[in-house]
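Participant: According to the working numbering, the sequence shown holds residues 110 to 272 in order.
If you're looking for bench data, these hints aren't it; they were derived computationally from the structure. Just to be clear, a hint being listed does not mean it is correct.
[As the list claims (entries may be wrong)] Simulated crosslink set (EDC-like; lysine to aspartate or glutamate; CA at most 20 Å straight-line):
{"id": "1", "residue 1": "K187", "residue 2": "D268"}
{"id": "2", "residue 1": "K112", "residue 2": "E237"}
{"id": "3", "residue 1": "K187", "residue 2": "D205"}
{"id": "4", "residue 1": "K131", "residue 2": "E237"}
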Amino acid sequence: MSKPVQQWFKEYARSHQHPTNKAIHWFMVPAIYFSIVGLLWSVPLPGTNSANSNALCWLNLASLLAIPVHGFYFRLSKPLTLAMALFTLSCFLVCDLITQFSPLALWKVSVFIFVVAWIGQFIGHKIEGAKPSFFGDIQYLLIGPLWLMGFVFDYLGLDYQNK
Numbered sequence: 110m111s112k113p114v115q116q117w118f119k120e121y122a123r124s125h126q127h128p129t130n131k132a133i134h135w136f137m138v139p140a141i142y143f144s145i146v147g148l149l150w151s152v153p154l155p156g157t158n159s160a161n162s163n164a165l166c167w168l169n170l171a172s173l174l175a176i177p178v179h180g181f182y183f184r185l186s187k188p189l190t191l192a193m194a195l196f197t198l199s200c201f202l203v204c205d206l207i208t209q210f211s212p213l214a215l216w217k218v219s220v221f222i223f224v225v226a227w228i229g230q231f232i233g234h235k236i237e238g239a240k241p242s243f244f245g246d247i248q249y250l251l252i253g254p255l256w257l258m259g260f261v262f263d264y265l266g267l268d269y270q271n272k
């Protein structure tokens, strides 16, 4: 049985106490999430043509790997999963728009964002004086975005506990 979402959040919060580190995370965690989606979106699958603007070009490594990621989230919190699915879909839309209209390839944009965002994350953790949580458990790479979404739900007064 997986840990409940509140336990994941409590453990994740231990290395995210400093206000500057937390502020950095509000920008860098979504940027990293997007950049990973963008990198995965850029990997062509056999039988798909990313040059076409149709539903088939949304069938890619990003959309396929979103299924187990959201399955992990679903076990922790159904309401947060819905919110993360909406965020993921917005990432997909931005990826599609960059693919169609940007003079730069999506993978180049994604690599740039990824590098800058991770530099920001490590600066935040240097300020915090604590290693990133994922050094102890790789699953915390998935918990970070969910943890931020939990704050959004708390701010809005929405319950995200599974019933």
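Participant: Against the structure, test the hints numbered earlier, and report the numbers of the ones violated in rising order.
Facilitator: 2, 3
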